[in-house]
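Chemist: Residues per chain are reported as follows:
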Amino acid sequence: MSQATDGTKTIGVVPSTVYKRKSAHADVVVVGGGWSGCGAALAAKKAGAERVIVLERSDSLLGTGLVGGIMRNNGRFVATEEMIALGGGALFKVCDATARHNNVDFPGHKHASFYDVAHIEPAARRCLLEHGIEFWLIARVTSAHRSGTSSITGVALENGTLITGDVFVDATGTVGGQSWCTEAGNGCVMCIVRCPTFGPRVSLTGLVGIPERMGTRPDGGFGAMSGSCKLAKDTLHPDIIAEMERTGVAMVPIPEHLVHEEKLGLKACQQYALPEYAHNIILLDTGQVKLMTSYIPLEQLRQVPGLEEARYLDPYSGTIGNSMRYSQLSPRDDAMHVRGPVDNLYCAGEKAGLLVGHTEAMATGWVAGHNAVRYLAGKEPLILPDTLAVGDAITYVREEMERPGGLSKKYTFSGSVYFQRMKQKGLYDGPKPEVYHARVAKAGLTDLFNEKILQREKVAV
Amino acid sequence: MPHMITAECINCTACATDCPVEAISPGSHQFIINPKVCVDCEGLYNTPRCAEVCPVGACVPKRESYEKKMATLAARGARPVRYGPEASTPEYVEVGWYEESPFLFIQASGES
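Protein chains in written order, with the numbering used here: chain A, 1 to 461; chain B, 1 to 112.
Bound conformation, chain A alone (with noise of 0.2 Å):
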């Protein structure tokens, strides 16, 4: 690392040498790097894991997150709030402190924060390297041992190196490759995933042998596509950029003839499908543009006044669809642990049910992350109270799961089905940390997350 006159460090140096192992072994080792698979890790270290390890197929962490940035809106402020009163906050203050807006109100959504998509991708390494969490990139996960056992022994690359480990966390995600791209969806549309470089997604859960659902359609199809993309901000008129740089949002009315109304029910996050969304163009300010709609053939977005020069950063072939999510979806308890043949899988963010977004991709990473350490230490695991929203949530998404026609819901806290509900159950009371955090002290919970379970075992005996 070379040291900058502030006397701040920077990664990402040429690396100078070699790793010459060819193996490696940790209590925990995370299967995907984004934002569930980190707050999975962050959550084994706090608990008292000694060496945990985050396999990362692409070159850099955060998945998805790379390329989002909405945290905050809604539920989710509540989420949040929860999560760091629980000792789980360690991303979200990641998020806070790369915020380039906060309290921002869009169309169905107030006090949103929008993180910086530049920024956010090293300070999350930051954070898990300050916490002493290994991660490999590059570093696709191609086979699951068992050995004759119950238990998963190890996980390997696809050239064979083998990292073995004590309990295991699926992080990897729901989204691609190319073939569900291309099934479920409009074809591959060359986004952030990278699937022709780093190999497509592969599903640890399923490298297990167990059986995975999908999520489903309104018409009958599967899986649902990503609900937003992004633009070069140069790309767009001055007029506009300021105006998202003012506030974080710009709206921009689209002409009458490209109004279509029926696109709505395409996109994965149900939040913001509002009828804002079908007459104007919303964009957010994330360092770049966040276009909140799935995809817009780009001869139609350069037909709205101001983005007669727009271009797509991603997915760079946003003129035909966006990348398709809710492939495989792994069979869960309320502590994230996958159902199964193998007593020491967990599983995290988008595998553990149709939720939509960082907030809730965080959250039940932790979970999983702090149970996954309880089971190394023979404990019984933690299921959140449904007095949280969090805790709430992740029974409540199982549960509708399991039920007929569930699978074709998507739940995040932002909106839709699940926010409904927080508002009615009381969960929602605007943003208005102190009270969730009272919530979290009520229910006997506060900074569980910091309490060091593998070391507590120690003490007893």
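Everything labelled a hint here was simulated from the structure, so no lab data went into it.
There may be inaccurate statements among the hints.
Unchecked claim - With the Cβ distance kept under 8 Å, some of the chain B side facing chain A (calculated, not the full set):
| id | residue |
| --- | --- |
| 1 | Cys-12 |
| 2 | Ala-16 |
| 3 | Lys-36 |
| 4 | Lys-62 |
| 5 | Tyr-83 |
Unchecked claim - Under 7 Å between C-beta atoms, here's a sample of chain B residues computed to sit facing chain A:
| id | residue |
| --- | --- |
| 6 | Gly-27 |
| 7 | Gln-30 |
| 8 | Lys-68 |
| 9 | Gly-84 |
Computed from a prediction, not measured in an experiment: that's the story for all the values here.
Backbone N, C-alpha and C define an ideal beta-carbon position, used for all residues, glycine too.
Following the hints, complete the assembly by docking chain B onto the known chain A.
Modeler: Chain B in isolation, oriented as in the chain A frame:
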């Protein structure tokens, strides 16, 4: 001239399903044509079936230059990189170069 499947393969299984001599099977990253079994559909179809059904044009006549290059790729994309909290710089994970290449299956499928 037998056919081969290039890296464009999206694992859609159309070729394996339609091959009249069952020469195609799934490999670790993509489907592979066994050159000892492939007969280029001679006597069976006017043009090779796999090339016809492949939705991405990944099924083409075998070219040694392509297979040689694929066999020398040490890893998909690049070698894994390890970031350890105690390491001051990130470290490449040694993969033993060619012997551990995940693309060696291409060479293996070409063995006579």
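Chemist: If a hint holds in the structure, say so; if it does not, say that too.
Modeler: These are the hints, each one checked on the structure:
no.: 1; hint: Cys-12; in the structure: holds (5 Å)
no.: 2; hint: Ala-16; in the structure: violated (13 Å)
no.: 3; hint: Lys-36; in the structure: violated (26 Å)
no.: 4; hint: Lys-62; in the structure: violated (21 Å)
no.: 5; hint: Tyr-83; in the structure: holds (5 Å)
no.: 6; hint: Gly-27; in the structure: violated (11 Å)
no.: 7; hint: Gln-30; in the structure: violated (10 Å)
no.: 8; hint: Lys-68; in the structure: violated (19 Å)
no.: 9; hint: Gly-84; in the structure: holds (5 Å)
Violation of the numbered hints given earlier is confined to hints 2, 3, 4, 6, 7 and 8; the remaining hints are satisfied by the structure.
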